[in-house]
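Respectively, the protein sequence lines represent chains A and P.
The end of the first sequence is residue 260 by UniProt numbering, with every number in the run present.
The end of the second sequence is residue 839 by UniProt numbering, with every number in the run present.
Please keep in mind that the hints were generated in silico from the structure rather than gathered at the bench.
Wrong hints could be hidden among the right ones.
To be verified - DSS-like mimics (lysine-lysine), calculated; alpha carbons at most 27 Å apart, straight line:
#	chain 1	residue 1	chain 2	residue 2
1	P	K108	P	K523
2	P	K220	P	K256
3	P	K576	P	K516
4	A	K92	P	K837
5	A	K93	P	K542
6	P	K668	A	K92
7	A	K131	A	K92
8	A	K101	P	K110
9	A	K93	P	K145
10	A	K131	P	K753
11	P	K837	A	K101
12	P	K543	P	K206
13	P	K248	P	K266
14	P	K110	P	K46
15	P	K588	P	K628
16	P	K666	A	K92
17	A	K131	A	K101
18	A	K134	P	K107
19	P	K542	P	K583
20	P	K523	P	K666
21	P	K107	A	K101
22	P	K512	P	K695
23	P	K542	P	K576
24	A	K93	P	K837
25	A	K131	P	K583
26	A	K131	P	K473
27	A	K92	P	K753
28	P	K178	P	K516
29	P	K206	P	K46
30	A	K101	P	K756
31	A	K151	P	K695
32	P	K668	P	K523
33	P	K753	A	K93
34	P	K576	P	K695
35	P	K837	P	K13
36	P	K145	P	K107
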Amino acid sequence: MTTTPFGVQTAVRTTAVAARATDLTKVYGQGETQVVALDAVSVEFRQAEFTAIMGPSGSGKSTLMHCMAGLDSVSGGSARIGDTELTSLNDKKLTRLRRDKIGFIFQAFNLLPTLNALENITLPMDIAGRKPDKQWLDMVVDTVGLSGRLKHRPNQLSGGQQQRVAVARALAGRPEIMFADEPTGNLDSRSGAEVLGFLRNSVRELGQTVVMVTHDPVAASYADRVVFLADGRIVDELREPTADAVLDRMKRFDAKGRTS
Amino acid sequence: MFRTALRNVLAHKARLLMTVLAVMLGVAFVSGTLVFTSTISDAYQKSSQKGFTGVDVAIQPHREDGDKGKPGAAPDLGQGLLDRAAKVPGAASVTGSVNGFAAISDKKGKLLGEGFASSGANYYPGTGGKDPRYPMKSGRAPQAKGEIALDATTADRAGYKVGDTVRVSVNGPVLPQKVTGIFTTDDGNVAAGGSLALFDTPTAQKLYAKPGRFSEIDVKAAPGTSQTALKTELDKILPRDAEATTGKKLADDQAKIIATGMNGMKDGLLIFAGISLFVGIFIIANTFTMLVSQRTKELALMRAVGASRRQVTRSVLIEAFVVGAVAAVAGLVAGIGIGSGLRALMNGTGATVPDGPLVIPPSAIISSLVVGIVVTMLAAWLPGRRAAKIPPVAAMNSVHAVATTRSLVVRNSIGAVLAAAGVALVLVSKTQSILGMGAALLLVGVFVLTPLLSRPLIAAAAPVLRVFGISGKLARQNAVRNPRRTAATASALMIGLTLITGLTVIAGSVSKAIDKMATEAIKADYIVSMASRTPLSPDVEKKLSALDGVTASSPLRQSPSRIDGDFQQLVGVNSKTITDLTKLDFTKGSFAGLSGNKVVVDDKTARSYGWKLGSTLDTTFEDGKRGKLTVSGVYVGNDLMRGIMVDTRTLAPHQSEITDQQVMVKTKAGVSEASKESLHKALGDNPAILVQDKKDISESIAGAINLMLNMLYGLLAMAVIVAVLGVVNTLAMSVFERSQEIGMLRAIGLDRKGIKRMVRLESLVISLFGGVLGIGLGVFLGWAAGELIRNAMATYELVLPWGRMGIFLLLAAAVGVLAALWPARRAARLNMLSAIKAE
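Only chain P is shown next, with the shape it has when bound in the complex (with noise of 0.2 Å):
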C-alpha cells in the first residue's frame, strides 16, 4: 500500500505542487513565528540579564498595600540609607541610582529615537572614581551641571562627538548640555534602539527625584556572601517603604515579563499562522478530490483485485501524509529562514534588536511536522473516504460516480442551520465571546453554503459576461460546474477578505468615532504633552498660561488617592477655566462651584460606585491626610476626558511633587500654524514636547489604527496568498479535465485568445465570488462587532469604508486574474490533437 500511495505522489508531482505550496507557506509562517519569537525573546533576555551582572541586591522604594500607607508614591530613597546599606555586613559596595525620562534632541531639532525609550540616569562614580556600569570609550564622565554623556549607539546614529552641545529634555523645559564622554553600555533599553543620557548625581536627582536622593540603591555582594544572605541582612535596616530584591529575582522577573510580551506577539502571530493553515485546508481538499475522481478506475480496480475499504482509505492517506511531510519539512526550512530574516528586517528598519544567535527552539521543528501532516491529513480525510466507497464495479465501466444531489441537500440545510444560529448569535451578543462564536458558526454556515449561494450570484454576473461573447459564457458555466470545488475555492478567498474587511470597517469607525469625541469634548485649541507621554514639569502651565494671546488654560494633573479603600487618581483642573476647555455634557451639576472639596466625577465611575449629586468620599490624599470630597456634578465621560476631577488647588497642599500629565490651551488667535508655533517657541522649541490642536489628536490616532491595520493587512496577507494557490490549483485542474473540451473548442474554431480569455473569466469569476461574499460578511461583522464597541464608545457609528470595499473587490479581481496566468497559458498552450484523441 505504502509503496503504492508511494508512486501516486510521484506520478501526480505536478498536481500536488499547489497543495504543497499552500500547507508549506503554512508552517512557514507557523516555523517562522516561533523561530522569530524565540530568538528575540532569547536576545533580549540575555540583554537584560546583562544589565543585573552587577546587582545582587537592590533596594527600591516600596509602596504599602492595604489602608495604612500613603495612596501617592513612596519616597526615594536617602543618602542615609545608601551609606547605612554600604556597612551592612557582606556589602562590598552600593551604587545609587536616580533614571527617567530624557529626550534627545538630533542636529535638526528632531527628537532622536523613540519617545518612550530615551532614558536619562546618574552617573555614580564608586571606588577609584569610575562607575563600572558605563566604561567610557572617549571623553570623561559628566561632573557638573550641564554636562552629559552619550551612549555610544545614539552618539553615532545623530553624528555627536565630545565637546558638542546638545539639546535635551526631561520635562518640559529644554536644557543644552556639553558632551563631556561617550560611553558603552549593555544596558537593555539601548539595546533596544533608545537612548541614554548620563547626568552627574546631583544634577541626575535634582532632575528625577530631589536633591540627595535615589530611586534605586544597588548593593554588590561582598566574596562568599550569597545574595539571600545579603537580602537578609539589608532586610533588617530597611524601613517600611523599601524593599530589597535579589539581583537574581530582578533578572527572573525581567525574564517572565519578556517572556509575557513575546508570548502575546507568538500567540498574535500564530492566530494568523492558524488563519492561512485553514485556508490551506480546502486546497489540500480540493486536490484530493481531485486526483481520487481522477483515479476512480484505478482505486475499484483495487478493491475488485481485493482490496479492502479501508485499505483504500489509507492509501489516500498515506498520500496525504508523504505530500504533509514534504511540505512541512520544506515549511520548517523556509519558516528559520523567514525567522531570521525579520530581525535582519526589523535591524533595518531602525528598531534595533539585541544580538543574537538564532533559536530554533524544538517547539517549532515539532509543531511544524505535526502541523503540516495533521492539517493535509485531515484534509484529504473526507476524500479518502470517499474514494473508498468506489464500488469495484466502477473499475469496469466509465461511468464516474457523481455526488448525489442529496448530500447537497443535507449539505444545504446544515449550511443553512449554522448560518442561521451564527447570525442569530451575532445579534444578540452582548459580549466579544458570543460574537465571536457567532462569526465563527456564520463563517462556516456560508462556507456550507457556498456551493449554493454560487449559482445565483454567479448568474448574477452573467450580463456582464456577456460582453465577453462565448467565452464569458462558457466561463461563468464552467466556474459553476463543479459547485462544491467553486466553492471551497472562493471559500478560501474569503475567509480572508471577510476578516480583512471586518477589521477595516472597526478601524474606520472607531477612528471616525475619535475624531467626533476630540472634536465635541474638547474646546481648547491645543493640548501639550510630551511625546513620551510622560508628565510635564508645571511650569509648562505657567509659561503658556502666562504667554499673551492665551486666553485660558489648565492642567489635567494626576494624583494618586484612596477613595472609599479604592485607589483612585484624581485629576486636577483649573475650575476658572475649565469651562472654557471642554465641552462636557453633565447629566447632574456641573463644573461651577468646582473647589474646595467638590469634585465632578464621569458618569461611569458614579454609577459603579453609587455616587450621587452630594455624596460625600471619604478620601486619602497622596500624602497621607484624609479629607471628605462632595460630589457636585456627573458628566458623560469619554475615553478623552474622564475620571474624578477637582480644582488644583485643592490638590496642591498635598502634593510633594506636581506633575502634570498635559495642558489644554485656549488662544485668542484660535488654531493657526502661526499660533501652534508661537506656543513651541515659547516652550523653548523643544522636540520632546506636542503641542498637537484637534486635528493632530485625531490625526495621531488615526495614524496608530492605521499602523495596527496595516500590520494586520500584512498578515492576513498571506492567507490570501494561500488562497491565490488555491484558484490556481482549481483552475489548472479543470483545465487538465476539460482538455478534451478545450480540444474541441480549437478544433472548431476558438481561437487561443479566446481559450485564454476563458479560463480568466472563469478564474475572476470564482475569485469575484469569493471577494463578494468576503465583504459581505465582513461588513456584516464588523457592524456587528461595532453594536458591541458602540456601549463603550458613545460617538461610535458605522462607517462604511467604501473606497477600500472597491479596492478589496479590485483586490479579488486581481486575484482571479493573477492566478488564471499559468492555467490559461496552459489551456491555449493545449495540443489539440491529443486532446480531442483522448477518450
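The following block holds chain A by itself, in its conformation from the complex (with noise of 0.2 Å):
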C-alpha cells in the first residue's frame, strides 16, 4: 500500500468489501398486484472498486442500489455497508448512515439552486455540522475542475458542471460507498465522459468505491466490474469490460428474453 502526500489510499486493490447484500429482496405491492423486484439477491462490491449494475429497465438494478443506499426499506435478506447492518436500522439511524458514509449522484442532479458550487460541495457536511477537511476539499474540487466556478448558482452552470459539482459533493464526505444513479442520463457524451472518467480517478486515484447504475454500455465500459440483472437476479457479471462486451451480453440477454 502506497500512501500519496494526501495520506490517501492510492490504487490498491483490497478484499475488504465495502458493501454487500445477502438473499435481498424486494417485494412491492399484495397478493395479484405483487411484484417481485428483488429476488435473492446476494452481491459483494469491494472497496476502491468501481462496479456497474446493468439490466434492462425493470430488471430491479434500481431497486438494488436504492435497497443498498438505505434509501428504500427491504422485505427480506440482509444489506450491510461496512460492518453495519440496514435492515436493522431505524430512519434516524439510516439518515445519519447515508449522511457520513454515502455519497449520491443523481441523474437530475438535484443541486439546490440557492446555494453556489462550494456550497453545494459542502452541503453533508454543513447538514452533518462538520467543518469540512480543507486539503481534501481543494483536492476534490481540483480534480473535478471546478476551482474557478465556486461562487457560481447552479443556473450558472452546464450541465456537465452541474453534474461535476454532484460528483464534489458525494466525494466531499469521504464516504465508505458512492452510489451514482444514471449519472449521465442528462449529459451530453463529452460532459459524460468527463463524468465518468472524474469516477474512475476517484477510485484509482483516491480510492473511493463506487456503485453505479446505468443502461449504457459505454458508461458502463469504465468500470472495473459490470453486474448484470434481469427479473430482479443476478444474471452475469463481467471484470475489466469494453463497451463492445457489455453490449454484446446485453444482446444475450434481449435474445434470451426474446426466445423464452
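Quick one: dock chain against chain with the hints and give me the complex.
Take a look at the structure:
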C-alpha cells in the first residue's frame, strides 16, 4: 500500500468489502398485484472498486441500489454497508448513515439552486455540522476542475459542470461508498465521459468505492466490474469490461428474453 | 373550455383548499354580519312595535324652536290636558304616563343590569282599575307610596318575590320599596335586558315630574276613528308647548332609529369583513399563480393546438369562478350559522336580545355570492393574464417562464412612489380623511415594495438562523426564493398587524392622555355621579357638603339657555369652592369673583364665538327670562372640564327643577378606601351612585377603551386567521414544488427533524417579516393619527405599548409555527424515492 502526500490510499485493490447484499429481497404490492423487484440477490461491492449495475428496465437495478444505499426498505435478506446492517436501522440511524458514509450522484444532478457550487459541495458536511477537511476539499475541487466556478449558482453552470459539482458533493465527505444513479443520463457524451472519468479517477487515485446504475454500455465500460441484473436476479458478471463486451452480453439477454 | 377548467378544479382540490377556506371565511363574515344585524334589527323592531300597539296618538311636551320660547325643557303635561284629551271626539281612553330612571339593587346590594336600561314608570289604572300595558302575573298593582311592581324577567333574575323589600334609587336617595306585584311586559327596554319598576301614579309623578303632571299622554281611538283623525281633533286642544303624534309615526320613528343604529353596526362589521376578504385576495392570487406556473406545459400545449390567449385566460377565470362559487355557498351557509350562533352567544352573556325568527335577507345571499365570486375572479385575473402570455413553444421545452427582473424594477418604482406619496400625505395631513388616504396609499405602497424589502429584512435574520445550522440557512434562502409569493404571504399578515398595532398605539396614548387630564385638571378627591349618567338629586350635594371631613364640594349643575341666539348649556358651580376642586389654566382672568352675572368660558368656546374678557353675553335662561352675563375669565378646557361656568346662585332663580350632573368633593382625609366608604354610606349605600376618585375615573375610561380595543382585536382576528391560511398555503406550495430537493436532502442525510425545522423556520421567517412590517407601519400610522388627536386633546402624547408590541411579534411567530405544522409534516413524510426520481 502506498500513500500520497495527502495520506490517501491509492490504487491498491483490497479484498475488504464496502457493501454486501445477502439474499436481498424486495417485493412491491400485495396479493395479485405483487411484484418481486429483487429476488434473493446476493452481491458484494469491494472497497476501491468501481462497479456498474446493468440490466434492462424493470430488472431491479435501481431498486438494488436504493436498498443498498438505505433509501428504500427491504422485504427480506440483509444489506450491509461495511459492518452496519441496514435492515435493523430506524429512519434516524439510516439517515445518519447516509449522511456520514454514503455519497450520492443523481441523474438530475439535484443541486440546490439557492446555494452556490461550493455550498452545494459542502452541503452534506453542513447538514452534519462538520467542518470540511480543507485539503481534501481542495483536492476534490481541483480534481473535478471547478476551482474557478465555486461561487457560481447551479443555473449559471452547464449540465456537465452541475454534475461535476454533484460528484464533488458526493466525494467531499469521504464516504465509504458512493452510489451513482444514471449519472450521465442527462448529459451529452463529452460531459458524460468527463464525469465517468472523474468517477474512475476517484476510485483509482483516491481509493473511493463507486456503485453505478446505468443502461449505457459505454458508461459501464468505465467500471472495473459489471453486474448484470434481470428479473430481480443477478444473471452475470463481467470484469474489466469494454463497451463491446457489455453490449454483447446485453444483446444476449435480450435475445434470451425474446426466445424464452 | 368549461370542462377543462372544471377538471382542473377537481384535479387540484387539495391545493385549492386553502383558497376556498380563505374566501369562505370572508364571505361567512359578510353574510354572518348581514344575517345577524337583520335578525336583531327585526327582533328589536317587532318588540318596539308591540310597545306602540296600545297607542293611537301620543301627546308629549314640545320645546318650541326659534328664539321665542324658553330654552329650558317644556313643562310636563297637566291633569287638565289629560281630562280634556279624554273628552275629544273619537277618543276612547287616555293613559297618562311618567317615566325615568330607576335603579334596582339585587339582594347583595349591587346594581341590577346595565345602568342605562333601568327604568321606572307609573301604573295607570284605566277602566276597570287595570293598566292594560302591564298585566300582573302575581300580586297586585302598586297603590301607595312605598309599593312597586317589578317586571317578571328582573324579578326572576334577582330572585325577588311578592312581599320582598327592594332598594330602589331614582336620582340619589335610596328608597326601600315593597314588591306588591310582578308583571309581564313587552316593553322594548326590558326585552333588551333592562329592568322596569312600576310606582303608583302619584308617587311616580313626584319622582319623575311634578305632582299631577305626566311626561306623556297616550290616547286610544274609539272604533272607527283613524289615528290621523284623532290627531287632528287633539291638535285643536293642545297648548303651544305640547304636540301630538300618531302611534304609527312613533313606531316608524322608532323603527328608523333602530335601523340606523343597526346599520352603523352593520357597516362597522362589514369593514372588518372587507379587510378579511382583502387579505384573502393575496392567498387566491398566490394559489392561481402557482397553479398556472405548474401548468405551463399544459397551457402551452393548449396554445400550440390552437387555443387563443383569451381562451387561456378564460379557462383560468372559469376555474376561479367555480372555486369562488363553491367558497361563496359554503361561506353563506357558515355565515347563517354564525349569525344565529352570535345571537345565542349574546343571550348567553346576559345582553338579552328580544326573541325573533332568524332573518336571512336577500342581500345576504346576493352579496355573499357576488363577493365570493368577484373577489376570487379578480384575484385570479393577473395570473390568468400571465397564463395567456405563455408562448406555445413552452410546451416543447422544460424551460419555465420566470418573472423577469424588469417587472420587479417597474414594481419597485411604483411601490416607492406610492409609499412616498402615502408618507407625505400622512405627514402633512390635517384631517382624518387625508390621513386615511395617506395610510391606504402607504399600505399599498409597502405591499408593492415587499418583494424588495424581503431580501434585506430576511437577510437581517441570518445571524439568528445560523444557530439552526443548515436548516436555518436553507430556510432563509427558501424564504427569499420567490419574493413575490413571500411578499404576498407576509402582506396578508402585515395588514392585520398594522391595524392591530395602530389601534393599540392610539388607544394606549388616549388612555394615558385622559389619565393625565384627570390628574392635572381635577383637585377634588372624589367625583360623585349616577351610574346611569342620569342627573343627581340636589340632595346629594347638600348631604355631602354637610358631612364632617368634607372640606369642599361643588356640583356641576346644568341649565339649558340661549346665548346670542345659540342653544348653550350653562354649568353652575359653587364659586367659593371651585378653585379647591379644579386646577384649570386661565389664559385670561380667573375664577375670582365668579358671582352674579359673571361667567368663565373655555378657550375653544370663547374662540368660536369671539368672546373676550369683558364680553357681554345676551342670555335667555331656562325659564325664558333674559339677562346679560359678562365674561370674567377664559380657561383652557379639556374633555372633563369645559363649557360656560356660572355660580349656582346665578342660576337658582331660573331653575324650577335642579339636577346635578356630578358633584366634586374634597375631603380632609384625602383619597382612601375608608373615606370613600364613608361618602358612600352617607349617601345611603346606594349602588346607583358612583363615588370615584381620579384613579377610578381613569380606570373606567381605560376600561371602556380596552373593551372597545378587545372588540376590534376580535374582529381583526378574522383577518389574521385568513393570513394564517395564507402562510399554510404558501408553505404547502413550497413543499410541493421543492419535493425533489427535499428528497435529495433526505437522501444525502438531512433527517426528518431537519426537514421539519427547515419548513418551520421558513414559515417563521415569512411570518415575522410580515409581523415586523405590520408593527412598524402600525406604529407609524398610530403616531400620525396621534398628531391629529393632539389637536383636540392637549395632553395627548405618544405612548408606545412595548409589551403589547412584543406580544404581537410573538403572535406573528406563533402564526408561523402553527401554519408550518401541516406542511412541515408533509415535507418530512415525503416519499424520498419518488421525489428524487421525479424529473
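Of all the hints given earlier, name the ones this structure violates by number, lowest first. The structure breaks hints 1, 5, 6, 8, 9, 14, 16, 18, 21, 25, 28, 29 and 31; every other hint is satisfied.
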